[in-house]
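Based on the hints, put chain B in the right spot on chain A.
Chains A and B are the protein sequences, given in the same order.
Counting in my numbering, the first sequence runs from 1 upward without gaps.
Counting in my numbering, the second sequence runs from 1001 upward without gaps.
Treat the hints loosely; a few may be bogus.
Simulated pairs of lysine-lysine, DSSO-like, Cα-Cα distance not exceeding 30 Å [to be verified]:
id	chain 1	residue 1	chain 2	residue 2
1	B	LYS1098	A	LYS389
2	B	LYS1196	B	LYS1300
3	B	LYS1389	A	LYS98
4	B	LYS1316	B	LYS1098
5	B	LYS1196	A	LYS316
6	B	LYS1110	A	LYS98
7	A	LYS3	B	LYS1316
Source of the hints: derived by calculation from the structure; they are not laboratory data.
Listed here are the chains, written in short residue letters.
2 protein chains.
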Amino acid sequence: MSKPTPLSGFPELLPEERFVEQQVIDLLRRTFELHGFAGIETRAVEPVETLLGKGETSKEIYLLERLQAEQAGTDAGVGLHFDLTVPFARYVLEHAGKLEFPFRRYQIQKAWRGERPQEGRYREFTQADIDVVMKDELPFHADIEVARVMAEALAHLPLPPMRLRVNNRKLIEGFYRGIGAEEPQSVIRIIDKLDKLSAEQVSALLTSEAGLSEAQAAQCLSLARISTSDSSFVEQVRGLGVDNDLLETGLTELAAVIDGCADLVTDRFGIEASLSLARGLDYYTGTVFEIFMVGFEFLKSVGGGGRYDALASDGKSTYPGVGMSFGISRTLVPLMSRGLLSADRKVPSVVLVALVDEESRASSDAIATQLRANGVPCEVAASAQRFGKQIRYAERRGIPYVWFTNAEGGHEVKDIRTGDQVAADPTAWTPPERDLRPSVVLSP
Amino acid sequence: MSKPTPLSGFPELLPEERFVEQQVIDLLRRTFELHGFAGIETRAVEPVETLLGKGETSKEIYLLERLQAEQAGTDAGVGLHFDLTVPFARYVLEHAGKLEFPFRRYQIQKAWRGERPQEGRYREFTQADIDVVMKDELPFHADIEVARVMAEALAHLPLPPMRLRVNNRKLIEGFYRGIGAEEPQSVIRIIDKLDKLSAEQVSALLTSEAGLSEAQAAQCLSLARISTSDSSFVEQVRGLGVDNDLLETGLTELAAVIDGCADLVTDRFGIEASLSLARGLDYYTGTVFEIFMVGFEFLKSVGGGGRYDALASDGKSTYPGVGMSFGISRTLVPLMSRGLLSADRKVPSVVLVALVDEESRASSDAIATQLRANGVPCEVAASAQRFGKQIRYAERRGIPYVWFTNAEGGHEVKDIRTGDQVAADPTAWTPPERDLRPSVVLSP
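Looking at chain A on its own, in the form it has when it is part of the complex:
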C-alpha cells in the first residue's frame, strides 16, 4: 500500500487529540449520569423511510449496499443516521414497553451526512445528546432541567466558554399572531435567516413572502432585536404593545428557563434570551436552544435543541420531549486543526520504567506491575538503549517520569521536566494527582 491520503470530511485524531475527545466525552457523561440520565446507543442504521420521515429531509443520507448481495436481505433500504434524534424517536417507540417514563437518556455517538465538508461540518461526526421524553404529557420543568444539565456539562469542559441562547416558539408565534400575521410559520422561517441576511433583506422577505405590512415587519424585527441575559426581555416585549395569550405563555416559559439557569452563569458559561432565535425545524413547539462557543461564533451554533410536543407517536401514544445536542467534533476538530487544543502526552503512561539490559526485562516488568497495582499507568522501555536515549524516548511521548533501578537494586524516579531524581518505593509511589493523566492544553 502506498501512503494513504486523508478522506475529506472524515477527520481522524492523533492519540494526543483523541485523549482530549475521550476526556470531553467522559466529562459530559459524568454530568449526565450525576443527573440520572441513562446512557444508550442506537444502531448506526435506520430504514430510509424513517430517516426521511422527519424535519430535515434535504439531508444527504448515506445509503448502505452490500458488496456481494445476491438477494435483498432485511438490511436492504437502510442508511446511516444523520443525527441522534431520529434514531432516538424510533428507539423510544420500539422499546417503549421496556422503558420507564419519563425516560431521561444521554447518547454520545457518531452520525454521518454526505454533505460538502467545511470547518466544523464533517461527513462523520460525534455528538452528545440529552433528552427527557414522557408518555402523553411532559411537565414544563423538564425544559429547565435539560438546560441546566447541559449548562453544567458545558461548564466543565476544557474548552472555550459556551453561551446558551434560548427562545420560545410560543412567544414568537404568539407575537406574530398578535400583530396580525396570517402565516406565523413563514415569519419564523424568514426570521431564522437573520444570521445570514441583513435586517433590510429580512424585512423585504417578510413583506413579499409572508404578506406582512412594513409596520408589521418592523415590529417583527423589533422583537428579534431583543436579547437579554436576564428576564428583563419580558418588559421589553411588553413595551412593543402586542397582546396575545400564546405570547404570554411563551414569555412565562422563557423567563422560567432564563431565571432557572441564572445561578449557573460563570465566566465559563453564559445564557441569554435571544428573541431572534427561531431554529428552522418544524417540530419544535416551545423552548428552543442554540449553543455558541465564545470566540468561535463563525462556526455558527455548535449545538441546539428544544421542546417538541411529539417526538414520536405510534398512533396509540404520543411521546413529547425536550432535548439538546452538543457537537463534539464540531467544536474539537476546528480547535485541533488550528493547533489550539491537544493533550500534553501521546500515551497514558505517567512513568517509563527504564531497562538496564534485555536480561533484566522481567524485573522492570515486575516494577511496572507494582506501579499499576496502585493505579499508575506505565510502560517498560522497548529496548535497553543507554539511559539518555530512554529519557528521550519518554520525552518524545510526554511521559513525565522515568523509573531507574540502580546497581544496588535501589529504586529512583526522575521527573524529566525538572531533572529531580528521588528514591522511591514501587509498591507505594504515586505521582501528584495532576500528573496521573495527560492534561488538556487549550491555547488562549
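Showing chain B alone in chain A's frame:
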C-alpha cells in the same frame, strides 16, 4: 409512525444492558491505559480497495452511496470497515510521521459485516483491539506483552471466565516442513478445519489436497492433539521426533508466551498451548491467539489475533505488529438475550429525591444539587405523587434510596430494599461504595 420492528443483526441494548456494555468498555480501557496503550478511533469508512486488500476478501462489505449524489465526490467508493485491523494498518501508514514507535494502541469501536446474522455474529458489532506496532522490527517480548495485557483485561470483566488458546505458526509450519510436507500453508488451512470436521475427514483432506502420506497426516494430527496448560507441550512435540529449526524457534516462542502468562492464571482466566489452533488468515507469521468464553464454547472464539511481520507497508518501511481483538457484542449480546446478564438499575441515579408538592420543587432540586456535589448521582421525582407512588417509581428503576424532607425541614434517607430510614445531611451523605453505581448481575 407505527411500532418499528427490530432490524435483524443490529442488536440494540436497553439502558440496563447498555450500562453493562459501558462498564465492560470502561474496564477494558482502564487495563489498556494502565499498560500505556493509547486509545484511538479510526473513521468508520475505508476505500473499498483498502477493505479488499487484506486477508478476508470474502467478507460482505457495506458500501456507502449518497442518496442524492449528483456527482461523484471524494466519498465515492467507500465502505464501512469490517474489523479494526485493516483501518488501523491504514491509520499507521497515513499518520506514521506523527506517531511514536513502538506504537501501542487500543481501539474500541463498532464494525459492520453484511453477513447472515446468528447468535454471537452480528451485522453491527463492537470490538476491542490492542496492538503493538513497530517500524522495521518488533522484538518478540511484544507478543508476551499483548497476551498479558489482554489476559489482565479479560480477568477483570464481569463475565464468565475466559480461556486463551495460543499456538505459533513457526512451530506448526516448521513441524510440517520437518515431516516433508511440501505445501505447509495448505496443511495449515486444512488443520484449521478441525473444529468443524472429524479427525478422519481432516486426515483424508491432508492426503488428497495437501499431498501428504497417511503417516505424515497422522503425525500432523498427533501434533494437533497436543494441548497443555504449561510448557510441557515442548517435550510432547519433541517426542514426535521431528527436527526442524523453524519448529525449534516456534517451540521457544510459544513456551515463552505460556510461561510469561503463568502468573496470571486464576479461576477467571486460563491459558493453554493448543497446537491445533491455526487461524485461517494468511498474514499471521508467529504467535496466534484465540479467546474462548468458558461454558459458551459453542460461540466459537470470541476473540483472537497474533503476530504479523507486515501489518502494513508503504514501500519504504514495513510495520510488523502483534495484536489481539476481543468481541464485546459477541460475548455480551448472547448473554443478554438469554437473560443471563444485566444491571440492577435502569438509571445511574442512586437516590430519588422525593417531592412534597410542585411548589417545593426548587428545594428538592437544591438537595439534589448538594448530593451531586459529592458525586452522588440522583434525580428529583417527576411529579408530586403520594410517597408510596414515589417509592414505587424508584423501585421500578432499581434506585435503592429515596430522600425525604419531613415537615420540620429535617432530612431522611430510606433504603427501599430494607425499609431502613435514617436522618441524613444532604451536604455530607454518600451511599456505601457498592451502591454508588449500578451493579452487573451475571446469572450462574
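Hint by hint, here is what the structure shows:
1. About 19 Å separates the Cα atoms of LYS1098/B and LYS389/A, which keeps this hinted pair within 30 Å; it holds.
2. Distance restraint check for LYS1196/B and LYS1300/B: the Cα-Cα separation of roughly 10 Å lies within the 30 Å cut-off, and the hinted pair is therefore satisfied.
3. With a C-alpha separation of about 19 Å, the suggested pairing of LYS1389/B with LYS98/A holds against the 30 Å cut-off.
4. For the given pair, LYS1316/B sits about 16 Å from LYS1098/B by alpha-carbon distance, which is consistent with the 30 Å threshold.
5. Note on LYS1196/B and LYS316/A: the hinted pairing is violated, with a Cα-Cα distance of about 50 Å set against a maximum of 30 Å.
6. Between LYS1110/B and LYS98/A the alpha-carbon distance is near 25 Å, which keeps this suggested pair within the 30 Å criterion.
7. At roughly 10 Å between alpha-carbon atoms, LYS3/A and LYS1316/B fall within 30 Å of each other, so this suggested pair holds.
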